[in-house]
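**Q** Produce the entire structure from the sequences given, and follow the hints as far as they go.
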Amino acid sequence: MSPTDAAIEVENLVKIYQVKSARPVRALDGLSFSVKRGEIFGLLGENGAGKTTLLRILTTLLRPTSGRATLMGLDVEQSPYDVRKKICAVLQENAVEVFLSVEDNFATYARFHLIPRHEIGAAADRVIQQFGLGEFRKQKVIDLSGGLKRRVQVAKVFMVDKPVVFLDEATTGMDPINKRGTLEAIREQARQGRTILLTTHMLEEAEDLCDTIAIIDRGSVVAVGDPDRIKSLGSAIVEIHVTYESLDEGAFAELSRLPLLKLKRRHSTLDLSVNSKLISPFDVIQKVGQIGEVVSFEVNSGSLEDAFIELLGKSKARTGGAA
Amino acid sequence: MKMISAVLYREYLIRTTSLTWAFYDLFMPLTYMLLFGIGLDRAFASGVQSGGRIVGYNSFFLAGVLAMASFGIAINTAYGFFVDRENGMLSEFLTYPMTRGEFLIGKILFNSILALVQALITVGAGALLLGIPLRWDRAGFLLPGVVFGTAGWFFFLTTFALRIRRNDMFNTFINIAYFLLMFGSSLFYPLEGLPLWLRVFSSLNPLTWHADVLRYLTIGLGSLDTILAESAAFMLFTLLAFLAAVRTLQRGIVK
Chain A
1 MSPTDAAIEV ENLVKIYQVK SARPVRALDG LSFSVKRGEI FGLLGENGAG KTTLLRILTT
61 LLRPTSGRAT LMGLDVEQSP YDVRKKICAV LQENAVEVFL SVEDNFATYA RFHLIPRHEI
121 GAAADRVIQQ FGLGEFRKQK VIDLSGGLKR RVQVAKVFMV DKPVVFLDEA TTGMDPINKR
181 GTLEAIREQA RQGRTILLTT HMLEEAEDLC DTIAIIDRGS VVAVGDPDRI KSLGSAIVEI
241 HVTYESLDEG AFAELSRLPL LKLKRRHSTL DLSVNSKLIS PFDVIQKVGQ IGEVVSFEVN
301 SGSLEDAFIE LLGKSKARTG GAA
Chain B
1001 MKMISAVLYR EYLIRTTSLT WAFYDLFMPL TYMLLFGIGL DRAFASGVQS GGRIVGYNSF
1061 FLAGVLAMAS FGIAINTAYG FFVDRENGML SEFLTYPMTR GEFLIGKILF NSILALVQAL
1121 ITVGAGALLL GIPLRWDRAG FLLPGVVFGT AGWFFFLTTF ALRIRRNDMF NTFINIAYFL
1181 LMFGSSLFYP LEGLPLWLRV FSSLNPLTWH ADVLRYLTIG LGSLDTILAE SAAFMLFTLL
1241 AFLAAVRTLQ RGIVK
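Protein sequence lines, in the order shown, are assigned to chains A and B.
Be aware that the first sequence starts at 1, since it is given in this note's numbering, and climbs by one per residue.
Be aware that the second sequence starts at 1001, since it is given in this note's numbering, and climbs by one per residue.
Keep in mind that the hints were calculated from the coordinates and are not lab data.
As the structure is a computational prediction, the values presented were derived from the model and not from experiment.
Heads up, some of the hints might be wrong.
What the hints assert, rightly or not - Residues of chain A placed beyond 10 Å of chain B at every Cβ, according to the derived structure: (1) R56; (2) G67; (3) E93; (4) E97; (5) F112; (6) G132; (7) G146; (8) N178; (9) T200; (10) R218; (11) V221; (12) A251; (13) T269; (14) D271; (15) S301.
To be verified - Some chain B residues judged to face chain A by a derived CB distance under 8 Å, without partners named: (16) Y1009; (17) L1013; (18) I1014; (19) L1019; (20) T1020; (21) N1087; (22) M1089; (23) T1095; (24) Y1096; (25) P1097; (26) R1163; (27) N1167; (28) G1193.
As the list claims (entries may be wrong) - DSS-like, lysine-lysine: derived pairs with alpha carbons at most 25 Å apart: (29) A/K85 x A/K36; (30) A/K277 x A/K264; (31) A/K86 x A/K162; (32) A/K85 x A/K162; (33) B/K1002 x A/K86; (34) A/K262 x A/K277; (35) A/K162 x B/K1002; (36) A/K20 x A/K36; (37) A/K85 x B/K1002.
Glycine included, C-beta positions come from ideal geometry on N, C-alpha and C.
**A** Quick look at the structure:
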């Protein structure tokens, strides 16, 4: 990728936290990847994988121990002020002015991001409508529910026009309707040419939204690519979805003896995940066909979640960690 | 400049959400002087002796109240870091397109304005209600005296507010610091009559330097040489406190 294509470039980034009376924690361990301009880039990983540390470095809140990160060609350590001019961020912690009203939250955010005063009202009206906050606009944020506070926090970043947007688990705590609205707003930002780097634990959300996904584990990239490529890396996984006319306990018990990754029952429907390295999918399909009268039957390659679990399992096996 | 004005705007909005704050910000020092000051003024009806002069207790105490007001504002502002940290706002602020310096200057400017308004009300009421004889010819110097004082204490306390992670620990620290600094200083009484150990401790206390300078500017007590030395010492204290605050910010957070 040429320097002009990359919105974010991370090269061999290391971050070690010195912890009093404990061993130093290596939160990032030679992390490298790049994000193209205008793409939605998803960062996936377990708790403690290093996602938030990375975001804190890219948003100039933390210095890396070594390595280099650039944002729109600017070194985050050498030119933090210029970097901050090009970003807006939803951090993991709730960041709202709890003693101010919803609209004053937007007004202060807009002033910090240099929106001309005469445009602040219109920009606030737009996001208040977009995020369904109209009835709360005069209310102090301290009186709102946790989900609404998060909505105010996320809505703020959609007031401003910055080339790079960071979203750290932005939809956590939102109800499905507002989550859908937020995801649509994120897509709209990307359509306007903004680069979005997000972290999430909701893999379906990442699959639906992201152009590129990086899976990280203990501070290193385990896999990177578009969602289909990531799924193909977990190619040993096959998912089977089968509905029976009826299903008795004995038949279910018979299947549960097989070495399956997942076996879930809803009435007379079963969802199975098969790791083909542990058992042949054809053997499972044959067994599935024998235990009852099949009404419908579907076989798919593994989901992003399957690939995620498998890739992290491999990574831990390589490094000797617990799976 | 736009960023500093944004910080001022934010501080103003937050400050105006509570009438208690408005009272504290504007009238607390005056209330202190009227209640505590008048009580002691009656108790020491013959006045207090300092620098070869005998002055009324209210006159002596005025500078102490002004210094205490600056210190109180600095405590509130430093404590605001905890509130911002708990609300997640401190991290978010530091991702805004402003320098760390603009952030700190915006905060100190707002609080200096508050301290000046407090000083104006307190000094005005002291002259009008309590008949304190003021040195009006030095009134102009009160502005830098109050601003530097507030800034010095703000930077000093910011360092601790950023280093101490626990709210209860910070409260304990503030209570101890408040007690030691206030009573081991010239805020409430002249140092001349104190035992040697307390006089030495108080002479090395920046709150003494601050109060002495303000006392010289309000009622003309003290010698110019001493006041110049104490002014220089307080400026050095402010500079060191500023450097310590910046260093603390830079430990984990990029400048």
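**Q** Hint by hint, note whether the structure agrees.
**A** Hints, one by one, checked against the model:
Not every beta carbon of chain B lies more than 10 Å from that of A/R56, the smallest distance being close to 8 Å; the non-interface claim is violated. Annotated as non-interface, A/G67 keeps its C-beta farther than 10 Å from every C-beta of chain B; the closest such distance is 14 Å. A beta-carbon of chain B is positioned within 10 Å of the beta-carbon of A/E93; the least distance is around 4 Å. Residue-level check failed: A/E97 sits 6 Å from the nearest beta carbon of chain B, not beyond 10 Å.
At the 10 Å boundary, the C-beta of A/F112 falls inside the reach of chain B, the nearest C-beta of that chain being 5 Å off. No Cβ of chain B comes within 10 Å of the Cβ of A/G132; the nearest lies about 22 Å off, and the non-interface call holds. Every CB of chain B is more than 10 Å from the CB of A/G146 (nearest about 12 Å), matching its label as outside the interface. Against chain B, the non-interface label of A/N178 holds: every CB pair exceeds 10 Å, the least being about 19 Å.
With 10 Å as the threshold on Cβ separation, the claim that A/T200 sits away from chain B holds: the shortest Cβ distance comes to roughly 18 Å. At the 10 Å boundary, the C-beta of A/R218 stays outside the reach of chain B, the nearest C-beta of that chain being 21 Å off. No Cβ of chain B comes within 10 Å of the Cβ of A/V221; the nearest lies about 23 Å off, and the non-interface call holds. With a least CB separation of 52 Å from chain B, A/A251 remains clear of the 10 Å interface cut-off, as annotated.
At roughly 43 Å from the closest C-beta of chain B, the C-beta of A/T269 stays outside 10 Å, upholding its exclusion from the interface. The non-interface label for A/D271 is consistent with chain B: the shortest C-beta to C-beta separation is roughly 38 Å, beyond 10 Å. Under the 10 Å C-beta cut-off, the non-interface status given to A/S301 relative to chain B holds; the minimum distance is some 39 Å. Because the closest C-beta pair between B/Y1009 and chain A is about 6 Å apart, less than 8 Å, the hint holds.
The beta carbon of B/L1013 is positioned within 8 Å of a beta carbon in chain A (closest approach about 6 Å), and the interface hint is therefore held. The closest approach between the C-beta of B/I1014 and any C-beta of chain A is roughly 6 Å, which is under the 8 Å cut-off, so the hint is satisfied. The interface hint given for B/L1019 is violated, since its Cβ lies 13 Å from the closest Cβ of chain A, which is over the 8 Å cut-off. A least Cβ separation of about 12 Å between B/T1020 and chain A goes past the 8 Å threshold, and the interface hint is therefore violated.
Annotation: B/N1087 was flagged as interfacial toward chain A, and the flag holds, the nearest CB pair being 5 Å apart, inside 8 Å. About 5 Å separates the beta-carbon of B/M1089 from the nearest beta-carbon of chain A, less than 8 Å, and the hint is met. Of the supplied interface hints, the one on B/T1095 holds, with its beta-carbon coming within about 5 Å of a beta-carbon of chain A, less than 8 Å. Taking 8 Å as the C-beta contact cut-off toward chain A, the hint placing B/Y1096 at the interface holds, the least distance being around 5 Å.
Taking 8 Å as the C-beta contact cut-off toward chain A, the hint placing B/P1097 at the interface holds, the least distance being around 4 Å. Here the hint on B/R1163 is broken, as its CB sits about 13 Å from the closest CB of chain A, past 8 Å. Checking B/N1167 against chain A: minimum C-beta separation of about 15 Å lies over 8 Å; hint violated. For the restraint placing B/G1193 at the interface with chain A, the shortest Cβ-Cβ distance is roughly 46 Å, beyond the 8 Å limit, so the hint is violated.
In summary, the hint linking A/K85 to A/K36 is supported, as the alpha carbons are separated by about 19 Å, within the 25 Å threshold. For the hint linking A/K277 to A/K264, the alpha-carbon distance of about 20 Å falls within 25 Å, and the restraint holds. The straight-line distance between the Cα atoms of A/K86 and A/K162 is roughly 5 Å, inside the 25 Å bound, and the hint therefore holds. Between A/K85 and A/K162 the CA atoms are separated by roughly 8 Å; this keeps the pair inside 25 Å, and the hint holds.
A distance of roughly 17 Å separates the Cα atoms of B/K1002 and A/K86; the hinted pair therefore holds under the 25 Å criterion. Restraint check: the Cα-Cα separation between A/K262 and A/K277 comes to about 14 Å, which is no more than 25 Å; the hinted pair holds. Of the supplied pair hints, the one linking A/K162 and B/K1002 holds, its CA atoms being roughly 18 Å apart against a limit of 25 Å. With a C-alpha separation of about 39 Å, the suggested pairing of A/K20 with A/K36 is violated against the 25 Å cut-off.
Simply put, A/K85 and B/K1002 have alpha-carbon atoms about 13 Å apart, close enough for the 25 Å limit, and the pair holds.
In this structure, the hints that do not hold are numbers 1, 3, 4, 5, 19, 20, 26, 27, 28, 36, in rising order.
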